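Q: Chains as they are written, first to last, in my numbering: chain A, 1 to 442; chain B, 1 to 350; chain C, 1 to 293; chain D, 1 to 264.
Treat the hints as calculated values from the structure; they're not laboratory data. One or more of the hints may lead you astray.
[Claimed, not checked] If you only want the chain A side, here are some residues facing chain B, beta carbon under 7 Å, derived:
#1 Asp82
#2 Glu116
#3 Lys132
#4 Gly168
#5 Asp170
#6 Glu429
#7 Thr433
Everything numeric in this text was worked out from a predicted model, so none of it was measured. Each residue gets a CB set at the ideal place from its N, CA and C atoms; glycine is no exception.
Each chain is listed here by its residues.
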Amino acid sequence: MKRLLVAALLAGTLLSGLTPASADEVSQYIPLPTYRVGAYASSGELWWAGERDYFRYINEVEGGVEGVKLNYEEFETEWSPDRTVEVYERVKAGKDGSPLAFFFTHGTPATYALLEKAAADKIPLIDPAGGKTETVDGTVFPYAFPLLFSYYSQASTGINYIAEKVGGFDKLRGLKIATVYHDSAYGRASQPAVEVLAKKYGFENIQIPVADPGNEQSPQWRQIREQKPDWVFLRTWGVSTVVALKTAQRFGFPADHIIGDVWAGSESDAIPAGTAAIGYSALAPYPGGTDFEIHKRLKAEILDKGKSDLRDQKLFGAVNYNIGLVNAALAVEALRTGYKHFGARPLNGEEGRWAFEHLTIDDKRLEEIGFKGLLQQIKITPTDHEGGGAARIQSWDGEKWVLQTDWIKADHELLNPLIQAGAAAYAKENGITPRTPETETN
Amino acid sequence: MSEINLPAAAEPIDQVGLKVLTIVATLALLVTAPFLASEYWINAIIVPFLILSLAGLGLNLLTGYGGQLSLGAGAFMMVGAYATFSLQLRVPELPLPLALIVAGFIAGAVGLAFGIPSTRIKGFYLIVSTLAAQFFFEWLFLKFPWFYNGNSSATIALSRGLSFFGLDANSPHGRYYLTLGIVALLTLLSFNLIRGQTGRNWMAIRDMDTAAAVIGVPVFRAKLQAFAVSSFILGIAGALWAFAYLGSASVQSFGLTRSYQILFIIIIGGLGTIRGAYLGAGFVSLLPLALDWLFQHLFSGHVDAGLLQNIQKAIFGLLIIWFLIKEPEGLARLLSLRRTQGARRRLFPS
Amino acid sequence: MNMFLETLIGGLLAGTMYSLVAIGFVLIYKASGVFNYAQGSLLLFAALTFVTLTDQGVPALGAIAVTIGLLVLTAITIEKLLLRPLTNRSPMTLFMATLGLSYVVEGVAQGIMGSQVRALNLGIDDLPIFLGDIMISQFDLIAAGVALAIVVVLSLLFNRTRIGIQLRGVADDTRAALSLGIDINRIWQIVWAVAGLVGLVAGLLWGARQGVQFSLSLVVLKALPVLIIGGFTSIPGAIVGGLIVGAGESLAETYIGPYLGGGITPWFAYALALVFLFIRPAGLFGERQIERV
Amino acid sequence: MTASAGPALEVRNVSLSFKGVKAISDLSFQVTRREICALIGPNGAGKSSLLNILNGVYTPDSGEIVFEGEHFRRMQPLEAARRGIGRGFQNNALFSGMSVLDNVIAGLSRHSRVTLVEEAFRLPRALGQERAFRDRALEVLKLFDLEKYAETLVGTLPYGVQKKVEIARAIVAKPRLLLLDEPLAGMNAAEKQEIAAVIARLNRELDLTVVLIEHDIGIVLKLAHHVVVLDYGRKLADGPPETIRDNPDVIAAYLGSENAEAAA
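Next comes chain A alone, as it looks inside the complex (with noise of 0.2 Å):
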């Protein structure tokens, strides 16, 4: 009985090795890593929702990408980049007749532990609003798309908006800007930038780390009151969120002087933390809510007639939830593109990478597809594999994100050289020659 049962379990693996072949047409395949249980599932369940329902949307509505079906398949990763690297040998070589034109890694660190990799076997890899910085530059990654907006563009972003605050950069000089930071290479991510800024602007630049995961953080908030920064830039993940807000408030630090970087500034960082959340604003290059012309269009044709992957409906259009939709958008036009050029067809990599680097969403775009709002404008180069660079403000309320801005823009002039000389650095280390898009054909 109990070799049966192992018998059974062992011959269930060898088959789920053979694919079935699904015939007439085919479809792109488009794998998603997905972390619904763990540490990150609070995130994670509302992102793969947004995805999801995008792509569904997008099949069952728009009848696929100028007619090719989108045939997206979920792996379980619990966040862990070394499952992340499974999911992606499993994929790389596509699905039923389908190569695979991009991987998203769905986090940071398994952006990092695939850059390599996907490098080698030429498939690009995207990571919105995350991957590793230097990464911007196309000519030493031509596999790796940060797209929209890289960390240090984030820690620009963030100064900038303390600069209208303050009323104007000249008032920087002298303030005191700390940022409190996850213990890890995500929450380091940003230093670089934040050391340059902190030299032109002539702020005290204070970083304070967090050990993950970061439940009990009285000893960092006890040096936020000695040192007594005027603002606090937030750059933390998961529980360290809520812990950082709730911490603050009770040292006294105002929520309202604080600013969360992307992935503190969601629903589920929010609302955990009550009262002390009132007033905290974060950058939002996926703005929260639902009042834009996708959110309207979705909910007619997938929410309302039962097909929407999300549980509770009350979140439709948070922040994650938004991440995800945003997320499938880019996806769903860098085909596009590429169909345009290539042909209504499923893309390999080397396809799917000329697709993103010519991938360009402009406000009429944006109109056509619902995002105006929701998405900045795009334009991806073999240079610039960010293409965006600016997030919204948005604020806690207590009950919804309210947006405070408009799109604030990061200043590349400034963080350009950085991302070059680490891009070049690499580049050394690694033996790669950087590639000359100028020189390239097609």
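Given chain A, put chains B, C and D in place with the hints provided.
A: The following block gives chains B, C and D in isolation, referenced to the frame of chain A:
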């Protein structure tokens, strides 16, 4: 091969023949595997399976044979990986195989240091020492940029790739043979240790450490040896995990969940057996795939994806409990051909 | 000096939050000799159940009653399906079984109730109070009071009720208790249920602090050094251990952290516990094991 | 063979307590070289605790032990083994996950001279030692007629056989002092006679000093040269078997009514 002709009562000739046949078949399979399996199977299943087996073996020497419970397997893997990275970066003259060995020794020395408390602390109190190692190294390797050469992502990767005395081992096949060779060699060495005096000392301590001391087993030395040897193997496994499987790694690759995973491998596979590590690693690598497949075919579309994932997690937990209750010796015994060996051993007597 | 005092007091109060978690471990360890790794998951399960019920509009008292009922059922199930079949197995086997149990509890709890972060408002305003220059957290003060109340209630339970006295008998000498006809399985069920209740209290307080979500189950990692320092068998030990860990972490992060780049709390508690283990292997209040050969 | 004259073992004013309860109070006695000394007394008299002090499992609160002329405040288990003190336990303390042969070889551990590397690569020295250990262990097993069980997992054997394996393990490294805790417990009469004969032979042929704890007074009086009677951690009587048998204190306190009959 003269033994085959002896009228050994224990093993009739046809059984011995069968054994030889099995070994030959296994060897043939191992060598030709890359040509039978797809690249996906080699990269994503077989190579990690081999490395996890090696890590399981390393932990099994300490926990299954030496009776010292450790929740720090990940930490020692981490030390091995970061040491290999540092050596390849800073001592480029050192060829990879030697770097791996030196890294193993560094991991072994670290394991030895964290094993010192075991001479005063017994049983599961020891998990404090091993957990301390786990958290300390997660912090250390992230905190000081020297360990990852200051790159902004805090990850480590071998910039020159894998090579084995001039042979390029970067292709899937290269990685497979590199891993297989190291795993096979370390398994053989471990096997030799286990059936010799060292193994006897470890098992004596596991079965009854006070009695072991009284009859003259050098408990202090043997425990430290167990920590050092186990960490040596774990360190090499960690380096392979980072560079032969993942390609690049960060502290998250060797977090607490990795430590648990290695522990589960040996519980499920069989504590205190060599092949248990392999069986357990196979089980742990394949079970999620099998459950995925099963659930996709049974419930796809009917049940919420989040629920599915959580059910799988619960099933995994149940299997662990079930193994501990029903088969404390794990798959190694379950699949054993010699089931008649008598009553069960009791590991870790209370 | 004020800074030092404030750090110390803040740390001590935060430490009682660790103690609250540790008490649940002590109860189970005393009665069944298990280091129950799943205590963190049970804590998550309890808090999640409560929040899910109140979100559905169930009044708080009703939600507590239902949660307690579920915890009792869980305790009985665990006793029947896990403890009983593993009777007389080594502490390490039991520990590993509870590791598996934590997967089951987490999977079931989050599978049914979802993994969204839930807010939990206990109506405690967490505004700072000042004692002279020294700032004290109101929330932590209340948590400390709750911890104290639990200790008082538990010691009354142990010293004044028949069940409690039987339980102490089981803890002191299982074999003798068995020979006296004490139903040890029932004792286990009761103790696991009580530990679940303590977990509920701890889960609610921690949940109010950081939201009810998966990471609640990680507080188990904070409880272990507390237990090592205080001793696995002593409830006062859990309190004192919590205070030491809380104060130690807080002072270390403030005064040693800057020299090491900060963020040292995850391992500092373990290093502290190791030091204590070397000095007093059984913990401050624990009983020394006598080896019988 | 080292010290010319004097006792092999001397216990001087040893006291031991657990959690404030006295287990042994101010106990002193001597064991002469090459004698079999029996410790008798009711349960809880402190007999096993005393053996545990002698080979370093427990540390006495006060007092000292003199073994072959050297004074010890506290003995370490490994040190005791190295100095030639062998030990059999009351409730079998065999290594249940190992074969009978391996259990006995484990008793030779302190004679091992090969390094980890030699063993991992099976270098000649490691193989040679392994062979020598195996031969020596088989030799001892033969003494107890246990060769047929050599490869059997020890936990699967009957209690009486395990008892023998334990004695074999205790003497395999040729100790000079052998401590045995109830070596005859749980055996039938024939087995008892057999083991008693082996103990007597070891004592005679190997010049082995033996300290044993035994409840079977009949065998004790025949086997032992010297008897020490303990009661509640104190020495009640000390002398050759004949005088012990007639000591009224002993009869009153320990032998009691039914035991007295058994002794007669």
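Q: If a hint holds in the structure, say so; if it does not, say that too.
A: Structure-based check of all given hints:
{"no.": "1", "hint": "Asp82", "in the structure": "holds, 5 Å"}
{"no.": "2", "hint": "Glu116", "in the structure": "holds, 5 Å"}
{"no.": "3", "hint": "Lys132", "in the structure": "holds, 5 Å"}
{"no.": "4", "hint": "Gly168", "in the structure": "violated, 31 Å"}
{"no.": "5", "hint": "Asp170", "in the structure": "violated, 30 Å"}
{"no.": "6", "hint": "Glu429", "in the structure": "holds, 5 Å"}
{"no.": "7", "hint": "Thr433", "in the structure": "violated, 15 Å"}
Violated hints for the displayed structure, listed by number in ascending order: 4, 5, 7.
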